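Enquirer: Residue strings, one per chain:
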Amino acid sequence: MTFTDHCSRIPWHGAGGALAHLVQTGFGGFYDGMAHWAITPEDVLVVLALTLLSALGGKDRVRRLVFTLPAAWFAGGLMALVFPTLLPPMVLTLASFGLVGLLVALNRHLPDAVFVLLVLVTAVIHGAGNGGAMREAGLGWLGLAGACVAVFVVASVLPALLVRIEKPAGRIAMRVGGSWIAAAALLMIGWWFRGG
Amino acid sequence: MLFTSHFSLGTGVPALALASAGHSGAAGLLAHAAHPETADGLISGLAHPVSGADHVLAMIAVGLWGAQLGKPAVWVLPVAFPIAMAFGGMMGLLGIPMPGVEIGIAASAIVLGIMVLAAARPPLWVAGIIVGLFALFHGHAHGTELPEGANGTLYSIGFVVATGLLHAVGIAIGLIHRWDWGKPTLRGAGAFVAAGGAFFLYQALA
Amino acid sequence: MRWMLILACLISLVADAHELRPGYLEITEVDPGVAEVTWKLPVVGTAREVPKVMFDADTQELTPPNERLTGDSRVFEWKIERTGGLDGATVRIEAPDGRFRDALASIHRLDGRHTTGRITPERPTLVIDPAPGWTRLAATYLMLGIEHILLGFDHLLFVLGLLLIVDGTRMLVKTITAFTLAHSLSLAIATFRIVEVPEGPLNACIALSILFLGPEIVRKWRGGESFTRRHPWVVAFAFGLLHGIGFASGLAVTGLPHASIPLALLWFNLGVEAGQLAFVFIVLAMQRSWKSISLRWPLALRRAPGYAIGILGAFWTIDRLVATFLI
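Protein chains in written order, with this note's numbering: chain H, 45 to 240; chain V, 30 to 235; chain P, 146 to 472.
No wet-lab data here; the hints were simulated from the structure.
Please read these numbers as outputs of a predicted model, since none were measured by experiment.
Some hints could be false.
Short derived list, chain P residues pointing at chain H, Cβ under 8 Å [to be verified]:
{"id": "1", "residue": "Leu295"}
{"id": "2", "residue": "Met431"}
{"id": "3", "residue": "Ser434"}
{"id": "4", "residue": "Ile438"}
For each residue, glycine too, the CB sits at the ideal point set by N, CA and C.
Model the full assembly from the supplied sequences, consistent with the hints where possible.
Expert: What follows is the structure, encoded as structure tokens:
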């Protein structure tokens, strides 16, 4: 999802209409897709939130995330590219990563199946929003592929680094991070409702 | 800014497209203008919690009290506070009224300051409710103050991060609690916060 | 082996990734205030609408644009005149949908001054600065270098092949350094035209170098030994010389400022190295991460990069040989 897309989907308070801002690296669709992902706050935050959740859950969880997250993201994105009407409502996108953030803050141990389902659902929702944005920006599947590669790289490296943190202070810092993500999601939902 | 189109490629026929060229030129300018604006959202979100002294004092007091209470309050409070605050902010944005917000905010620094001054040790859930209530008030009042034209998403993130960092400052100061000389110093800091809160309350009423 | 077929299908999608090039805009002042403009665009698909070059309102065109097709490029040439001279003139690239690949602008002035600049969709306007600093040249060629390696799928695939063959950090550093030294050396040699290699056979040889790595990777899986396994840095150096000449042809296509070739070359090379190092670090970080969480991909996925290198290398070799000698 891009700022362009956001501006059209979230009517900003006081923003006075949509201001298009396409991110173009000049390096072609694949890298533009990566850049789109990297500057879309809720798409970055959901990857961060899932990263924290898996890292708190241990290595088994991280292993599941590495493949499931980008694959489901790509599936959701393709769905949105093929069926343009299938875009998830913005509030669902915001609520899904807020929920993941909240689960990180609570640090409750989830059953394995629930964790995988959670990753699948949030990744498909965000992937679909991402795919819709790619279609609008004219980047198509190449842009989506770029975004998915970016997600794959981050999901491979970041959780594997964080899962090694065993000190209580480090784990609490991760939970605080989850709490911040959940808080940001709540505020964004507020803005979304006020705009709509 | 007017641009003369030199030719339309593909046909190779020169064409003058002043109007359309001028139009797309303006669109280009708009696209550029959008950039600093989005950055504004983040910066104003980061700056907002720091710009109000009453808010700063209350946030630091949360950190101080958490550090004074020790585990598990020292981390429960910073984890719970942002969510409660954002919930208050969301209520404010949805237009759900909250009675006594002004008094609640003014009182928060005083009450939290007194708690630190008295080195009060209520049960964790009582401390949680006190802090959570103030968090709701602060979120309700401050979370909705988006500057004109700024980006709500980035503002939200900036607001949450700045608040969290203020807690961290409070906790870092509160760590002096582990030394003998630190305990009275910390209580002194509580007195300072309470006095500051009283001053702001007086200013608000006067 | 069903997935090998899938891989082979993917090839057709990515095989021409390397052929993407930025546009090239050359403005040569021939009389005070009068300039010849050349706008060169790589032919991409069947696109009719291509990005347009627009000057500010003080500029008139003296001749209508003349279009011709040279090999794989569309070239437009025309003459302009600007009242008050070229200083401060504004050049803007506009695409019908606001999207285009970046373009390199090269401006030669009557008094021998030379300016370069990169025009991107983000900054579609370039002002012809009376006294441009060296920083613009540096930034332009740094970005060109990064772009060249990031879109040079074949070069990245070769580096990936090296990473798959080499064991141990020491040997890895040695091998990547050898590759870097070799292609920097040959990039400079080819840019100064000390050696000239025809492009067709060169591209075929680069493809062959990738194909060469495929069997070596398979040999490693089977626990076999070979010269490449023992001394990968020698292979990296030898083939690095080839890849460097390839970089040089990419640089030559985009054009070089005659007055400051060494500086442009330096920054282009730095850009290539930055992009390549970023790629190496990302691949290594991912490998290490997977290892640290004891993630083992299914056999088919673990073998996929090796097969992709072999298949793509073979495909490119045949494709480029056919293009060079049969068409």
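Enquirer: So, for every hint listed, does it hold in this structure?
Expert: Hints and how they fare:
no.: 1; hint: Leu295; result: holds (6 Å)
no.: 2; hint: Met431; result: holds (5 Å)
no.: 3; hint: Ser434; result: holds (4 Å)
no.: 4; hint: Ile438; result: holds (5 Å)
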